[in-house]
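Trainee: With the working numbering applied, the sequence shown corresponds to residues 1 to 390, in that order.
Hints are computed from structural coordinates only; laboratory data are not their basis. Just so we're clear, the structure is a prediction, and the values are computed from it rather than from any experiment. Each residue gets a CB set at the ideal place from its N, CA and C atoms; glycine is no exception. Just so you know, not all the hints are guaranteed correct.
[Said to hold, decoys possible] Only pairs whose alpha carbons sit at most 27 Å apart, straight line, appear in this in silico DSS-like list of lysine-lysine: (1) Lys240 x Lys128; (2) Lys267 x Lys240; (3) Lys122 x Lys110; (4) Lys3 x Lys71; (5) Lys71 x Lys139; (6) Lys110 x Lys267; (7) Lys267 x Lys114; (8) Lys267 x Lys126; (9) Lys267 x Lys128; (10) Lys128 x Lys139; (11) Lys223 x Lys139; (12) Lys343 x Lys356; (13) Lys250 x Lys267; (14) Lys240 x Lys223; (15) Lys185 x Lys223; (16) Lys128 x Lys110; (17) Lys110 x Lys139; (18) Lys128 x Lys116; (19) Lys267 x Lys71; (20) Lys240 x Lys250; (21) Lys126 x Lys110.
[What the hints assert, rightly or not] Ranges between beta-carbon positions, derived for each pair: (22) Ser39 x Lys71: 20 to 28 Å; (23) Arg137 x Val329: 55 to 63 Å; (24) Pro259 x Asp119: 31 to 39 Å; (25) Ala9 x Arg385: 13 to 21 Å; (26) Ile103 x Lys356: 37 to 45 Å; (27) Ser183 x Arg385: 42 to 50 Å.
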Amino acid sequence: MYKIQTLNAISDIIHEHLSAENYLVAKEEPVPDGILVRSADMHSMTLPESLLAIARAGAGTNNIPIEECTKRGIAVFNTPGANANAVAELVICGLMLCSRNIIGGIEWVKAELKGKGADVPKLVEKGKSQFVGPEVRGKTLGVVGLGAIGAIVANAASQGLGMNVEGYDPFISVESAWSLSRSIKRFNNMDDAYAQSDYITMHVPLTDNTRHMINADAIARMKQGVHILNFSRGDLVEPKAMIAALESGKVAGYVTDFPCDEMIGVKNAIMIPHLGASTPESEENCASMAAQELRNYLENGQIQNSVNLPDIMLGFGEGTRVQIIHDNVPNIISSIASAISAKQINIDNMLNKSRKEVAVTVMELDSHPDDEVLDEIRALPGIIRVRVFR
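Work out the full structure: start from the sequences and follow the hints.
Mentor: Structural data, given as structure tokens:
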């Protein structure tokens, strides 16, 4: 019986994958094998020795202590693409909101026309010209990052809205490339994306290299009157630079799903309260994927969509499977194999993959190793965690 702790309210769809026969799922679980989490901050949480894996029902993992988990051999999963459609729909909404000044018009109606009775239609016709905004058809949309969300946005803008769409993503996956419409063109570099786009939408992760990538220098290379959309992470944009660009008119509109105090109330800045994945469909999709990832890892050691361990795609093996998480250093695999062969145990199959400083080795053995050999492996330098599956 595996024990799963939930740190947030999680859709009941998880029980389709974590059956009551094999899983105890509870909010209060002092010795969990796995944790399901959405937005709860885990950085101050004491992680129990029993913990094998954390699955985040969402894409971002800033609320999880990744470095500590990696050192302790705790797999951390996220759910890329599960909320992609929900976020992409809001991006398209944001595109219209910042281009047509719809929110400005709505606020004007509420503030100026309430109580004007029969004069409202006449006042509408007189005042609506102040909210004129350009159509997007025929304009160039630069999509920076063509993962699951960026690809949906690019296709929708090209095929549905008649925009000239060009994308930039030096790390695009084969799967994402196949999903793109043939009408979508490619920018060679970020300078071209900045210089040629009427609208720019950001779909990249927040890293040390992307933090404040939209800054004064980047904005200076953009078109006059550009519209910028940020539905990825707030810190991709440097607030002071964006405020100055909005005040000067260099940026005609900025819309983001990540409000910050400095920009709330700034003219032509639209702050949406992180609603990208706030749909019942998205919450179910994320919960379902997270539960499947957790189950596959706990039951047979498969690693898919981990943010700190390499992908290890496995079926259900025959005999005994040993999974070893270890430092990615020379000679460690031979030391493991020597410890096993010394007990006259044959290795039928072996898979080794690494991710930066950590590696995972999976061995299929013809007989079950006893505690003595497992303890010998655990005692080897560089070994982080050893698990056995029958």
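Trainee: Taking only the CA atoms, is the gap from Lys128 to Lys110 under or equal to 27 Å?
Mentor: Satisfied, since the Cα-Cα distance of roughly 13 Å is no more than 27 Å.
Trainee: Can you confirm whether the C-alpha distance between Lys110 and Lys267 stays at or below 27 Å?
Mentor: Holds. Lys110 to Lys267 sits at ~17 Å (cutoff 27 Å).
Trainee: Quick check on a hinted range of 31 to 39 Å for Pro259 and Asp119, using CB atoms only.
Mentor: holds, 35 Å
Trainee: Does Lys128 lie within 27 Å of Lys267 when you go C-alpha to C-alpha?
Mentor: holds, 18 Å
Trainee: Taking 20 to 28 Å as the stated bounds, is the beta-carbon spacing between Ser39 and Lys71 within them?
Mentor: Given range 20 to 28 Å: holds, Cβ gap about 24 Å.
Trainee: Between Lys240 and Lys128, is the straight-line Cα distance small enough, at 27 Å or below?
Mentor: violated, 31 Å
Trainee: Holds or violated: Lys240 and Lys223, Cα atoms, limit 27 Å.
Mentor: holds, 19 Å
Trainee: Straight-line Cα separation of Lys267 and Lys240 no greater than 27 Å?
Mentor: Holds: Lys267 and Lys240 sit about 14 Å apart, inside 27 Å.
Trainee: Does the Cβ-Cβ separation between Ala9 and Arg385 fall within 13 to 21 Å?
Mentor: At 30 Å between Cβs, range violated.
Trainee: Given the proposed pairing of Lys250 with Lys267, does the C-alpha separation stay at or below 27 Å?
Mentor: holds, 13 Å
Trainee: Would you mind confirming whether the straight-line C-alpha gap from Lys240 to Lys250 stays at or under 27 Å?
Mentor: holds, 14 Å
Trainee: Please work out if Lys223 and Lys139 have their alpha carbons no farther apart than 27 Å.
Mentor: holds, 12 Å
When held up to the earlier numbered hints, the structure conflicts with 1, 5, 12, 17, 19 and 25 and fits the remainder.
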